[in-house]
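Asks: Each chain, written out:
There are 2 protein chains.
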Amino acid sequence: MGFRRKLREAIDRNDTLLCIGLDPEPLQMPPGVGIADFNRAIVEATSDLVCAYKPNLAFYEAEGIGGLRALEETLRHIPAGIPVIGDAKRGDIGNTAKKYAQALFDSMGFDAATVNPYLGYDSVEPFISYPKKGVFLLCRTSNPSAKDFQDLQYDGVPLYELVARKALDWNVHGNIGLVVGATYPQELERIRRLCPTMPLLIPGVGSQGGDLPTVTRFGIDESGGNAIINVSRAVLYASKGPDFATAARAAAEALRDTMNATRSHREA
Amino acid sequence: MGFRRKLREAIDRNDTLLCIGLDPEPLQMPPGVGIADFNRAIVEATSDLVCAYKPNLAFYEAEGIGGLRALEETLRHIPAGIPVIGDAKRGDIGNTAKKYAQALFDSMGFDAATVNPYLGYDSVEPFISYPKKGVFLLCRTSNPSAKDFQDLQYDGVPLYELVARKALDWNVHGNIGLVVGATYPQELERIRRLCPTMPLLIPGVGSQGGDLPTVTRFGIDESGGNAIINVSRAVLYASKGPDFATAARAAAEALRDTMNATRSHREA
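If you read the protein sequences in the order shown, they are chains A and B.
Per this note's numbering, residue 1 is the first one in the first sequence, and the count goes up by one each step.
Per this note's numbering, residue 1 is the first one in the second sequence, and the count goes up by one each step.
Source of the hints: derived by calculation from the structure; they are not laboratory data.
Owing to the predicted nature of the structure, the values given are computational and were not obtained by experimental measurement.
The reader is advised that the hints may include incorrect statements.
Computed footprint of chain A on chain B, listed as stretches where at least three residues anywhere in the stretch have a Cβ under 8 Å from a Cβ of chain A [what the hints assert, rightly or not]:
| # | stretch |
| --- | --- |
| 1 | 121-132 |
| 2 | 153-165 |
EDC-like mimics (lysine to aspartate or glutamate), calculated; alpha carbons at most 20 Å apart, straight line [stated by the list, open to error]:
| # | chain 1 | residue 1 | chain 2 | residue 2 |
| --- | --- | --- | --- | --- |
| 3 | B | Lys166 | B | Asp151 |
| 4 | B | Lys98 | A | Glu63 |
| 5 | A | Lys147 | B | Glu161 |
| 6 | B | Lys147 | A | Glu161 |
| 7 | A | Lys98 | B | Glu63 |
| 8 | A | Lys147 | B | Asp151 |
| 9 | B | Lys147 | A | Asp122 |
| 10 | A | Lys98 | B | Glu25 |
Where is the CB? At the ideal position from N, CA and C, for every residue including glycine.
The task is simple: from the sequences and hints, build the whole structure.
Replies: Below, the structure written as structure tokens:
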């Protein structure tokens, strides 16, 4: 099954737009709990509340090969019906990008990956040529310095929007999505209008401060779906004690419900 | 010892600007030779001819955890006096970029790394805050699609040049360098003029077709150094038979000599 369908089915089945970012930080985790066990507990506590999981590879690579083994183990514990997005933000010249696509899609088996567009089409093509995988191009990122380059205007059009326009051109397999930070709601609204049917991956809610009802309203498509709203720290570290999994479930449930209130209000 | 000094000493000691890209492609390697053994033979045959080695992480990640183990083993076999650049092209929001910097500098022990600037200052800062490590920002990449975004003009200045100008602003620790593809000699000349003392990492010679004398002339600084000219495939796969290491040495020697002919001609 392709990523788009798997995503749609998970959104419908669990009635949720919530994606949990599996970004383990040992210093934030309960003492004595390893990364694989921590993730497994989070997944078991939340897998009926999410439409996707999104491990960011940096958190695993920082722990060396042991971290990558924990990632492999984590991936084995995610139920088959939940799509997993490898947040790797890779970008390299064609023959090298092909290797990154192999690493993320063939070797690790992610359903989708994030890709940095700075190197242009031939750095993206090796990813999108896997028609059943999702490819989320960084468009407008959630960090404060996003403005340094992404806001530069070319003939009145900011760079991040030019990335979105290219994404529309390049989307011959229908598997491209965009990353748009929840911390920039106006930009999110603009991108959703420009790309009415593209899946949007929206980080920046929770610790980063994006406002959830606004983000949900601007991020969803006409059907009330196609937005993947990611929260990491505010779920994973809702409690730093032995009840971390229960606390994560409660946090996830509250986030899902807030999003769904906005979705049904819009439908009403 | 910091990266800049280690690089300068390696350039002087080996009288070379050649960097070999350790990008193992199993299908190109002699049958039955594993990645770690292949790299070890290449390093033993060439370490007196290079100023740096540059493994691109994609080639290791594509082979799974076994590939990363081969990378670790490779790093142990590189002589201590030769700087090693982790070509990872990472780029993420601040707290995540910090994890990537840990992975590349603390866990893997690279002397320098390549970083993608699309996310702006706070994605670069965690790398440059390691003052003894080198940080090469992608400026003008060597691939044909580099033009898609990097050539966009902002008040008459292309994006890649704005990246170079930001690099000058951000260079408070003196450890920033730039990646400029050998396939774009005019852009290389322009960047060298703008950044007269910054180390330039120049891929794209050899299989990608950059002209070596031109690239050397435009890439070096006033002293004839500070340019790291990378060749991967044309050295690694000079022969695909059992004599691959000898053939790699011969190819590396020829490349070094061509660069040095341009350097001495300039000095004369």
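Asks: All hints, please: hold or fail.
Replies: Structure-based check of all given hints:
1. Taking a C-beta to C-beta cut-off of 8 Å, the stretch 121-132 of chain B contributes 3 residues in contact with chain A, enough for the three needed, and the coverage statement holds.
2. Coverage of the stretch 153-165 of chain B by chain A holds [criterion: at least 3 residues with CB-CB distance below 8 Å; count 5].
3. Between B/Lys166 and B/Asp151 the CA atoms are separated by roughly 16 Å; this keeps the pair inside 20 Å, and the hint holds.
4. Under the criterion of a C-alpha separation no larger than 20 Å, the hint pairing B/Lys98 with A/Glu63 is consistent with the structure, at around 12 Å.
5. Taken as a hint, the A/Lys147 and B/Glu161 pair is honoured in the structure, with Cα atoms around 17 Å apart against an allowance of 20 Å.
6. Distance check on the hinted pair: B/Lys147 and A/Glu161 sit about 17 Å apart at the alpha-carbon level, within 20 Å; holds.
7. For the suggested pair A/Lys98 and B/Glu63, the alpha carbons sit about 12 Å apart, so the restraint of at most 20 Å is met.
8. For the hint pairing A/Lys147 with B/Asp151, the CA-to-CA distance comes to about 18 Å; that is within 20 Å, so the pair holds.
9. Our distance criterion of 20 Å between C-alpha atoms is met by B/Lys147 and A/Asp122, whose separation comes to about 11 Å.
10. Only pairs whose Cα atoms come within 20 Å are accepted, and A/Lys98 paired with B/Glu25 is accepted, the gap being roughly 12 Å.
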